[in-house]
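Once you have looked at the hints, place chain W on chain B.
Just so you know, the protein sequences line up as chains B and W, in that order.
Residues in the first sequence are numbered from 44 upward in steps of one, following this note's numbering.
Residues in the second sequence are numbered from 44 upward in steps of one, following this note's numbering.
Some hints could be false.
[Unchecked claim] Now the in silico label distances, taken between C-beta atoms and shown as ranges:
hint	chain 1	residue 1	chain 2	residue 2	range
1	B	Glu449	W	Thr69	57 to 67 Å
2	W	Ala274	B	Gly165	49 to 59 Å
3	B	Ser345	W	Glu253	56 to 66 Å
[As the list claims (entries may be wrong)] Cut-off 25 Å, straight-line C-alpha distance, at most; resulting in silico cross-link-like pairs (BS3-like, lysine-lysine):
hint	chain 1	residue 1	chain 2	residue 2
4	W	Lys121	B	Lys67
5	W	Lys431	W	Lys372
6	B	Lys121	W	Lys67
7	B	Lys372	B	Lys433
No lab work stands behind these hints, which were simulated from the structure alone.
Positions of the beta carbon are idealized from the N, C-alpha and C atoms, including for glycine.
There are 2 protein chains.
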Amino acid sequence: MSTPHYLSSLARRSSDPAISWLMKLTLDQPHLISLAAGFTDNETLPAAEVGALVGELLRDDATALQYGSTAGDPELRKLTLDRVCAQDGIAPGAALAADDVVVTNGSQQLLYLLSEVLCDAGDIVLVEDPTYFVYLGICEALGIDATPVRMEPDGIALDDLQRTLQRLKDSGALGRLKFVYLVTYFQNPTGWTTSFEKKREALAILRHYEAAAGHPLFVLEDAGYRDLRFAGPDTPSLKSLDAANERVAYSNTYTKPFATGIKVGYGVLPRPLVRHVLRSKGNHDFGSANFNQRLIALALRSGVYDRHLPKMQAGYRRRKERMGGALTKYFPPAAKWQETSGGLYFWPELPASCNTSHDGAIFRAALDAGVLYVPGDLCFAPSPLRPKPKNCMRLSFGGTPSAQIEEGIQRLGAVLRSQGM
Amino acid sequence: MSTPHYLSSLARRSSDPAISWLMKLTLDQPHLISLAAGFTDNETLPAAEVGALVGELLRDDATALQYGSTAGDPELRKLTLDRVCAQDGIAPGAALAADDVVVTNGSQQLLYLLSEVLCDAGDIVLVEDPTYFVYLGICEALGIDATPVRMEPDGIALDDLQRTLQRLKDSGALGRLKFVYLVTYFQNPTGWTTSFEKKREALAILRHYEAAAGHPLFVLEDAGYRDLRFAGPDTPSLKSLDAANERVAYSNTYTKPFATGIKVGYGVLPRPLVRHVLRSKGNHDFGSANFNQRLIALALRSGVYDRHLPKMQAGYRRRKERMGGALTKYFPPAAKWQETSGGLYFWPELPASCNTSHDGAIFRAALDAGVLYVPGDLCFAPSPLRPKPKNCMRLSFGGTPSAQIEEGIQRLGAVLRSQGM
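So that you can see chain B by itself, here it is in the shape it has in the complex:
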């Protein structure tokens, strides 16, 4: 289908997201085992808890059914600030207050709003290589040059960050760099978590280049998987290193660990950006659904939310162990992957000669075997500096019925072996 000439440049830049055809494949083949969807675990959804919360929420007071404000429910913003501070071992204060919290339609909307408010077409955002592929769609639509920085199991490669910044400086492009987008916990797609040391170093490196950029170089920290941690210690956020609240935009979601259908996310933003994000949010929808926000605030205040987390985490731990065990059992020895202690994904890397892309033999054979995965190349930004790696796959243990995980991996392992691995 051709793109009409009268559309905006934003619309003409945009293409159908990968998720569209992945979903279409799923719908066309209902018996497919999908290891592709980033869906969350249906088996631990808190149906009874939500029902009870709604009853309590509406018992004496219908105002949760009334409009809220653009920035979000005041109680939820306050609880969010307290929660982020408690997780990070920092204290609210003059520089970091509930007014710096903006409630959004999932954390995805915060990614869009921040990008829209900071970037014109032609501006640059540094992204992890690989990165969250839906964010690459935002960059495409807004005309942002998403410039990849190599990803390692403990976060972006600092030498590549340094080199990339220097290259931008040398070519006179540093003024167009607006921020770095980092998915710092159990990253989508790799499952890797950025170490605290790398967070500190990355901020320092960015600071060093600010004079040459002529403006602050922000970090957008996407912590959307932080609370899906089922083992090991938590890592403090980049926000915890930004005591003056002037460089790090921190985003997270309440509903990925609780009930994705309720869709309440938030950003904790550097003070100078708050009003601009709010203006944009006002134009987009003048505020997220008040009902959902009041519901989440009540879930937090009542303890229901925190009591749910360990159940959800235990569910993911079981699914992850099932998938990890199946990978060891059925995947050929040439496939390599990291263990993960949170999130939704494994990211097996195959020998460089393998092609997992959607137009390659492995993907086709997997479909024929009734298994769907996310081809890894979708998660790499286009770049003139390297070809997109085509030898990875994103496998989700989040939404697949747990009984199908082993069967799906077994079939996929057989496909890989049949393709000569």
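Positioned in the frame of chain B, the structure of chain W alone reads:
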């Protein structure tokens, strides 16, 4: 506060919305009687109904708490198509199907998405004069030239529409015109409804100029107040005149007449625009909260929604009668207004010498008397062709506690008389 130089042009074009300072005034003076807010009626919010619906929704099936799709819940899209067709006395068919329905975060998000997908900075949208002031904020942010067409009690002035189009054609600007934005039912701010004859004529006039424009000239029909009709017959939509589904984007909301806190709106879109709006929606938030959509679908399917409408409408009729009676009793005879049979607003016009603007004596005296209204000049697009009229005010009978409506109008009437009217 100055605007940082590193923001995007979108952010630098944007200003704080009027609603921000109106809300701030309300918060600063909690005893203020606000006739300004476009809030809906707290007294008829369906708290018990929503509680029961949630119980039913989650009883045997938790999937309402799982992610949905970008376009929206399939059942809700189907019910929406059927409902719009039934209201308009038309039939679904090959040209108009559930796939043309997109569910959004209130109808506001549809306004933003459509504008973003069709317009670059410098493009033109024709708007009613006066129009919905939040839409003017979208135009400001996107750099759209919102060009006013005179509004009359039965819809836009066709002679002015014709003249405006001819002027754009003569000046070579017609190629930059993308669509006409019409609030066709109980318009915000005037309360006026566009007649069916005017809808037909407006479409014909637009068609006439398409060859010169070089592309389709769309209409964005905002029917957000259609179901807040408490007397008189319904009017078929512009969509009913677009049998081929190729020119009219129709938007409405389920939650303004039901529970604004749940915030579910939709668009019924010309086929060629659907995929582009969906791509943009995918980037914004990859779908509205599934829980809210499933809740509204159940409210529709079960009849709860339709049983609520007459209660809600009766509530607004009482409020409207209270405000209308008070206006007659307390406002000076020089003030003129139209009766309305739906929506939330009266729009009194004062003699041309009066200044209702936020920096004028009347607004200040009203605040001193403890009453807030929306200054009418906020609802007029900036234009070199006429000064903004400053002699109107938007008075809402929607959200004010009904006991305060008469008191508010009485005080406002006294202010007008004290200012020499």
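Results of checking the hints against the structure:
A hinted range of 57 to 67 Å for the beta carbons of B/Glu449 and W/Thr69 is consistent with their spacing of about 58 Å. In this structure the supplied range 49 to 59 Å holds for W/Ala274 paired with B/Gly165, their Cβ-Cβ distance being about 54 Å. Separated by about 58 Å at the C-beta atoms, B/Ser345 and W/Glu253 satisfy the suggested range of 56 to 66 Å. Distance check on the hinted pair: W/Lys121 and B/Lys67 sit about 19 Å apart at the alpha-carbon level, within 25 Å; holds.
Proposed proximity of W/Lys431 and W/Lys372 is contradicted: the alpha carbons are some 29 Å apart, above 25 Å. Pair hint B/Lys121 plus W/Lys67 holds up; C-alpha atoms about 19 Å apart against a cutoff of 25 Å. Taking the CA atoms of B/Lys372 and B/Lys433, the gap is near 23 Å; set against the 25 Å cutoff, the hint holds.
In summary, the one numbered hint that this structure violates is 5.
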